[in-house]
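Novice: The primary structure of each chain is shown beneath.
2 protein chains.
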Amino acid sequence: MGSQARKYFVSERSFRMHRGGLLPGLQLAYETWGELNAARDNAILIFTGLSPSAHATACPEDPSSGWWQEMIGDGLPIDTERFHVICVNSLGSCHGSTGPASPHPDDGEPWGLRFPVLTLEDVAASTALLLDHLGIERLFALIGPSMGGMSAQAFAVRFPQRAARLVLLSTAPRSLPFATAIRSLQREMIRSDPDWADGDYPPGAGPIKGMRLARKLGMLSYRSAVEWRERFGRERIPEERKQGDAFDFDFEIESYLEAHAQKFTGQFDANCYLYLSRAMDLFDIAEHGGSVATALSRIGAERSLVVGVTTDILFPIEQQHTLAEGLAGGRGEVEFVELPSIQGHDAFLVDMDGFRPVVGRFLWAD
Amino acid sequence: MGSQARKYFVSERSFRMHRGGLLPGLQLAYETWGELNAARDNAILIFTGLSPSAHATACPEDPSSGWWQEMIGDGLPIDTERFHVICVNSLGSCHGSTGPASPHPDDGEPWGLRFPVLTLEDVAASTALLLDHLGIERLFALIGPSMGGMSAQAFAVRFPQRAARLVLLSTAPRSLPFATAIRSLQREMIRSDPDWADGDYPPGAGPIKGMRLARKLGMLSYRSAVEWRERFGRERIPEERKQGDAFDFDFEIESYLEAHAQKFTGQFDANCYLYLSRAMDLFDIAEHGGSVATALSRIGAERSLVVGVTTDILFPIEQQHTLAEGLAGGRGEVEFVELPSIQGHDAFLVDMDGFRPVVGRFLWAD
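Heads up: the protein sequence lines correspond to chains Z and A, in order. First residue of the first sequence? That's 1 in the numbering used here, and the numbers climb one at a time after it. First residue of the second sequence? That's 367 in the numbering used here, and the numbers climb one at a time after it.
None of these hints come from the bench; they were simulated from the model. Be a bit skeptical, because a hint or two may be false.
To be verified - Chain A residues, not near chain Z, derived (Cβ > 10 Å throughout): (1) PHE381; (2) ARG382; (3) ALA404; (4) SER431; (5) ASP440; (6) PHE506; (7) PHE525; (8) THR546; (9) ALA625; (10) THR631; (11) ASP647; (12) VAL716; (13) ASP732.
Said to hold, decoys possible - Residues on chain Z that point at chain A, a partial pick, calculated with CB under 8 Å: (14) ALA181; (15) LEU185; (16) SER192; (17) GLY199; (18) PHE249; (19) PHE251; (20) VAL350.
Unchecked claim - Simulated restraints, written as ranges between beta carbons of each label pair: (21) Z:GLY329 with A:TRP730: 48 to 56 Å; (22) Z:THR294 with A:ASP611: 28 to 36 Å; (23) Z:THR294 with A:GLU699: 49 to 57 Å; (24) A:GLU624 with Z:ASP200: 18 to 26 Å; (25) Z:GLU258 with A:ASP719: 21 to 29 Å; (26) Z:GLU258 with A:GLY656: 28 to 36 Å; (27) A:ARG385 with Z:ASP200: 44 to 52 Å; (28) A:VAL483 with Z:GLY204: 37 to 45 Å; (29) A:ASP561 with Z:GLY204: 20 to 28 Å; (30) Z:VAL350 with A:HIS687: 25 to 33 Å; (31) A:SER657 with Z:PRO238: 33 to 41 Å; (32) Z:GLY332 with A:PRO723: 49 to 57 Å; (33) Z:GLY204 with A:ARG480: 35 to 43 Å; (34) Z:GLY204 with A:SER657: 47 to 55 Å.
The structure displayed is predicted, hence computed values, not measured ones. For glycine and all other residues, C-beta sits at the position ideal for the given N, C-alpha and C.
Take the sequences, apply the hints, and build the full model.
Specialist: In structure tokens, the structure reads:
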């Protein structure tokens, strides 16, 4: 897969993983938009959520829509006329970066469960190597939504001087039990599918049913009850669209979830999903300072923006408060914005009227 | 199974199901506590949530704890010294009442998916036959928590004169898309387990893995994020309790869910679960009056009590408001109580300090 827009950074040096284990080398896929200026100080790095690739927005080499198409571009908040924008596919993912789906150097078979435990600290450290390679010492801004916000925190606490500004969107300083329970159940759905085969399925195959169930539970946690009530109410599926099976779907909400799940499965490797999902649960910024507050106060950004959504059940608004308070204990300025979007956790992807002005204003402020 | 406390009502007459289909006869399991008075006007009927049996509290014949042990008894809010208390196992369940796990009269094999579509209107109508059999024309009170509250509404709108008081706890006038999505996903988890075998598994066997997953998702929707945060935080499972599998559980919240799921599976028939779960999604009081408000206004109770919990994500507090407003459009008095319990939907089972005084006061009021 991949596209002409996708670039690859390859490191031949062995990479020591945060919780043990060694990669003999690694590859990161990334894309860039806009020009790096002569001072090399206009770069913005974006860490993604769990599933997206580095294709955050379209470009001449790959005109297909990116996952943040309406946020990045000429005249948009992350303005490619002004900034050199980099989006990286996280280590451990399956969109061009080294991960459990990559061939193991010994036998060419997928790493599978031989891949060492992945953490977001590894995502951060490997991306720092990419920035070294690109000759970018200090970012104008580091941006992370959702899991990407955890990766961004891991990066910023490890390399406090490498980002002048920090943007954390709908994320958290660590996973709390409700979110962990959801993710743990998603992982169990995948592992319960006989086609998972203890992680040893053929490349390109795997636990389709388990992934579909996990994606549906994901959707349940990504959106909000209020949104669905407004969109679907008790709307029924017309008889002519039914399959006629026992326990066939009756309601449009069921059909909507099915369509989303179908779109997702086959596009994401199950083992990569398991590794990244666990990495979110393992993440705890407090491990970098004794407490959440202390660790966040060590982040060296001059300015930080924290944005949360009131209807987010996966990364609840209280956790955004905690982030903002912790960052305010450092030496930089902190802006905190609470958005009343009804789209829940996914609002950063879909509520562009809510997120765009906030991100744009922050990046443009002197 | 069953116990000496369990009584059975058997009707040999054919029973026409609300959405079509016929049962050639039916059996309902029930238990009673306290004496029916001479005027036969001190009876309280309790409809249960999806999974409990009729064993709501202990009695001499079965001293094991019931599912509402701290609510029913001598000196407790549902006082067995004063009231004749009846708890019925819903039609379609597997704790002694006729349902998909019962033997089909033709071949003695479980009904399985041959069982007609079940609705809570069927639960209500079959229970009315039980009351006829017991010679109880008018209940002192009809009480329903959760799914039981939907059954109670179905009963009260169909038989407006048969309950003087109505108690609806943590329930809803109909399912909204978020709750339907959760239940639909639970059903899909069960159906995705190869051991479900399209509903044709041997009696006592079935989709253990699917039921375990469904129960865990149930727990996620029954409790609240706040409670888990307080109880579990990021507490880890000690190394010595780990199995050592890849993707083994790391956090105590995962262990807690596993323990609950293990307890549940094997105790509830999978097909019965599917039928009752769908019955909740199909329920819409509006079908009995053109709108939710009109239907509720037709309920003839002289007094109604509606109790909801602010942290309930399955039956959110807004739906309790809707219930109270609708009932207030009728000729009876309505009391509405909003409880700030942190236990979410399950609070009616565990927050006894919250629920007991409210229910007790309502039943004792002149």
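Novice: Compare the structure with each hint and give your call.
Specialist: Going down the list of hints, with the structure as the test:
no., hint, in the structure
1, PHE381, "holds (21 Å)"
2, ARG382, "holds (21 Å)"
3, ALA404, "holds (46 Å)"
4, SER431, "holds (26 Å)"
5, ASP440, "holds (38 Å)"
6, PHE506, "holds (33 Å)"
7, PHE525, "holds (25 Å)"
8, THR546, "violated (5 Å)"
9, ALA625, "holds (13 Å)"
10, THR631, "holds (13 Å)"
11, ASP647, "violated (7 Å)"
12, VAL716, "holds (17 Å)"
13, ASP732, "holds (39 Å)"
14, ALA181, "holds (5 Å)"
15, LEU185, "holds (5 Å)"
16, SER192, "holds (5 Å)"
17, GLY199, "holds (7 Å)"
18, PHE249, "holds (7 Å)"
19, PHE251, "holds (5 Å)"
20, VAL350, "violated (17 Å)"
21, Z:GLY329 with A:TRP730: 48 to 56 Å, "holds (54 Å)"
22, Z:THR294 with A:ASP611: 28 to 36 Å, "holds (34 Å)"
23, Z:THR294 with A:GLU699: 49 to 57 Å, "holds (56 Å)"
24, A:GLU624 with Z:ASP200: 18 to 26 Å, "holds (24 Å)"
25, Z:GLU258 with A:ASP719: 21 to 29 Å, "violated (42 Å)"
26, Z:GLU258 with A:GLY656: 28 to 36 Å, "holds (31 Å)"
27, A:ARG385 with Z:ASP200: 44 to 52 Å, "holds (46 Å)"
28, A:VAL483 with Z:GLY204: 37 to 45 Å, "holds (40 Å)"
29, A:ASP561 with Z:GLY204: 20 to 28 Å, "holds (27 Å)"
30, Z:VAL350 with A:HIS687: 25 to 33 Å, "holds (28 Å)"
31, A:SER657 with Z:PRO238: 33 to 41 Å, "violated (23 Å)"
32, Z:GLY332 with A:PRO723: 49 to 57 Å, "holds (50 Å)"
33, Z:GLY204 with A:ARG480: 35 to 43 Å, "holds (40 Å)"
34, Z:GLY204 with A:SER657: 47 to 55 Å, "holds (51 Å)"
Hints 8, 11, 20, 25, 31 from the earlier list are contradicted by this structure; the remaining hints agree with it.
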